[in-house]
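Student: Sequence:
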Amino acid sequence: MPFVIKDVLQHKRNDRQKREIHEREYLKYLTNLRQQQQQKNSSYTNQYYLPLKHLNEIERSHIQHEIVKQNQYNRIENENHLLYERLLKARKRTMIDDKNQTYEQNLNTFISKRYQQRCNEYNRIYNDNQILLQRLNNARGNLITKQKCDNDWKNHIEFMKKNCDYPENIDKFITTMNKNEQKQANLYSLKRIIQWNDRHFINEPSKRLTIMPLSMLLNES
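Counting from 1, one number per residue, gives the positions in the sequence shown under UniProt numbering.
Hints in this document: simulated from the structure, not taken from any laboratory.
Here the structure is a predicted model, which is why all the values come from computation and not from measurement.
Note that the Cβ used here is the ideal one computed from N, Cα and C, for glycine as well.
Mixed in with the good hints there might be a few duds.
[As the list claims (entries may be wrong)] Below, in silico cross-link-like pairs of lysine-lysine (BS3-like), each with a Cα-Cα straight-line distance of 27 Å or less:
hint, residue 1, residue 2
1, Lys53, Lys92
2, Lys154, Lys113
3, Lys161, Lys113
4, Lys18, Lys28
5, Lys161, Lys146
6, Lys183, Lys162
7, Lys148, Lys161
8, Lys89, Lys69
9, Lys148, Lys191
10, Lys148, Lys183
11, Lys183, Lys154
12, Lys191, Lys162
13, Lys92, Lys69
14, Lys92, Lys18
15, Lys53, Lys89
16, Lys28, Lys89
17, Lys148, Lys162
[To be verified] Here are the computed distance ranges between Cβ atoms for each label pair:
hint, residue 1, residue 2, range
18, His81, Arg16, 21 to 31 Å
19, Tyr103, Glu79, 28 to 38 Å
20, Arg16, Arg114, 34 to 44 Å
21, Cys149, Asn120, 25 to 35 Å
22, Ile170, Lys146, 39 to 49 Å
23, Asn137, Ile111, 36 to 46 Å
24, Cys149, Arg192, 25 to 35 Å
25, Cys149, Asn197, 52 to 62 Å
26, Glu23, Gln101, 36 to 46 Å
27, Asn186, Leu133, 29 to 39 Å
28, Leu132, Ile111, 25 to 35 Å
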């Protein structure tokens, strides 16, 4: 380095301050060199007053300064962007604190368990329906005609008439009988009533017993 920087507080300076002091001192050094050259040379020349090594150092310093400045601008821009995103999230935040990781974990656990429970329930219902459909498809039944149903019904009615005491009560609830069958049923019920009365009829005595004949019999004895 063609010059020396005399700074007592250099150990307390940051990089930016050191760079500014270095550039300021270097410009002073260049000014002094130019003045010395002007004093030596009375005529103006197009030659450079500084050697090539010093010019390269100046160019390198400017480039480094631009790179550092661009990095600082990028860092500040990123910090501003993060701050803006935080402000937006703070405005849209709900009453529930979304930063509570315990709440989020419990909520995710509940949702996953509930989803698994509903899936198991749906699978169980589906399997039960499939088993029921398979049973229905495998079930075999005998088809019967209307004539057989009517015959079974008539046999059932006849069996009830034979085993009950009042078959006419059964006929009252049968609406499929025609008029002739209804007349026959009424005659049959009337016949049964007459038979019942004849069977349980008690003949009354023609003369009523009195106390006098009974006392006479007792005296005679």
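Student: Does each hint fit the structure? Answer for all of them.
Tutor: Each hint, compared with the structure:
1. Proposed proximity of Lys53 and Lys92 is contradicted: the alpha carbons are some 59 Å apart, above 27 Å.
2. Distance hint between Lys154 and Lys113 is unfulfilled; the C-alpha atoms sit about 62 Å from each other, more than 27 Å.
3. Restraint check: the Cα-Cα separation between Lys161 and Lys113 comes to about 66 Å, which exceeds 27 Å; the hinted pair is violated.
4. Annotation: proposed proximity of Lys18 to Lys28 holds, straight-line Cα distance about 15 Å (limit 27 Å).
5. Distance hint between Lys161 and Lys146 is fulfilled; the C-alpha atoms sit about 23 Å from each other, no more than 27 Å.
6. Straight-line distance between C-alpha atoms of Lys183 and Lys162 comes to about 19 Å, which keeps the hinted pair within the 27 Å bound.
7. A C-alpha spacing of about 20 Å is found between Lys148 and Lys161, which places the hinted pair at or below 27 Å, so the restraint holds.
8. Proposed proximity of Lys89 and Lys69 is contradicted: the alpha carbons are some 31 Å apart, above 27 Å.
9. Of the pairs offered as hints, the one joining Lys148 and Lys191 is violated, with about 32 Å between alpha carbons and a cut-off of 27 Å exceeded.
10. The straight-line distance between the Cα atoms of Lys148 and Lys183 is roughly 26 Å, inside the 27 Å bound, and the hint therefore holds.
11. Between Lys183 and Lys154, the direct Cα distance comes to roughly 18 Å. Compliance with the 27 Å bound is thereby established for this hinted pair.
12. At most 27 Å may separate the alpha-carbon atoms for a hinted pair to count; Lys191 and Lys162 meet this at roughly 15 Å.
13. Restraint check for Lys92 and Lys69: not satisfied, since their Cα atoms lie roughly 35 Å apart, outside the 27 Å limit.
14. At roughly 45 Å between alpha-carbon atoms, Lys92 and Lys18 are farther apart than 27 Å, so this suggested pair is violated.
15. Proposed proximity of Lys53 and Lys89 is contradicted: the alpha carbons are some 54 Å apart, above 27 Å.
16. In summary, the hint linking Lys28 to Lys89 is not supported, as the alpha carbons are separated by about 52 Å, beyond the 27 Å threshold.
17. With a C-alpha separation of about 21 Å, the suggested pairing of Lys148 with Lys162 holds against the 27 Å cut-off.
18. His81 and Arg16 have their C-beta atoms about 23 Å apart, which keeps the hinted 21 to 31 Å range intact.
19. Evaluation of the 28 to 38 Å hint for Tyr103 and Glu79 yields a pass: the beta carbon distance comes to about 29 Å.
20. A C-beta distance of roughly 59 Å is found between Arg16 and Arg114, which places it outside the suggested range of 34 to 44 Å.
21. Hint check: Cys149 to Asn120, Cβ distance near 46 Å, so the stated range 25 to 35 Å is violated.
22. Between Ile170 and Lys146, the C-beta spacing of about 22 Å breaks the proposed range 39 to 49 Å.
23. Range check, Asn137 to Ile111: Cβ separation about 39 Å, and the 36 to 46 Å hint holds.
24. Separation of Cys149 from Arg192 is about 29 Å and conforms to the stated range, judged on CB atoms against 25 to 35 Å.
25. Range check, Cys149 to Asn197: about 39 Å between beta-carbon atoms, so the 52 to 62 Å window is missed.
26. For Glu23 and Gln101, the hinted distance range of 36 to 46 Å is not satisfied, since their beta carbons lie about 51 Å from each other.
27. Between Asn186 and Leu133 the C-beta distance comes to about 53 Å, which lies outside the given range of 29 to 39 Å.
28. In this structure the hint that Leu132 and Ile111 lie 25 to 35 Å apart at CB holds, the actual value being about 32 Å.
Violated hints for the displayed structure, listed by number in ascending order: 1, 2, 3, 8, 9, 13, 14, 15, 16, 20, 21, 22, 25, 26 and 27.
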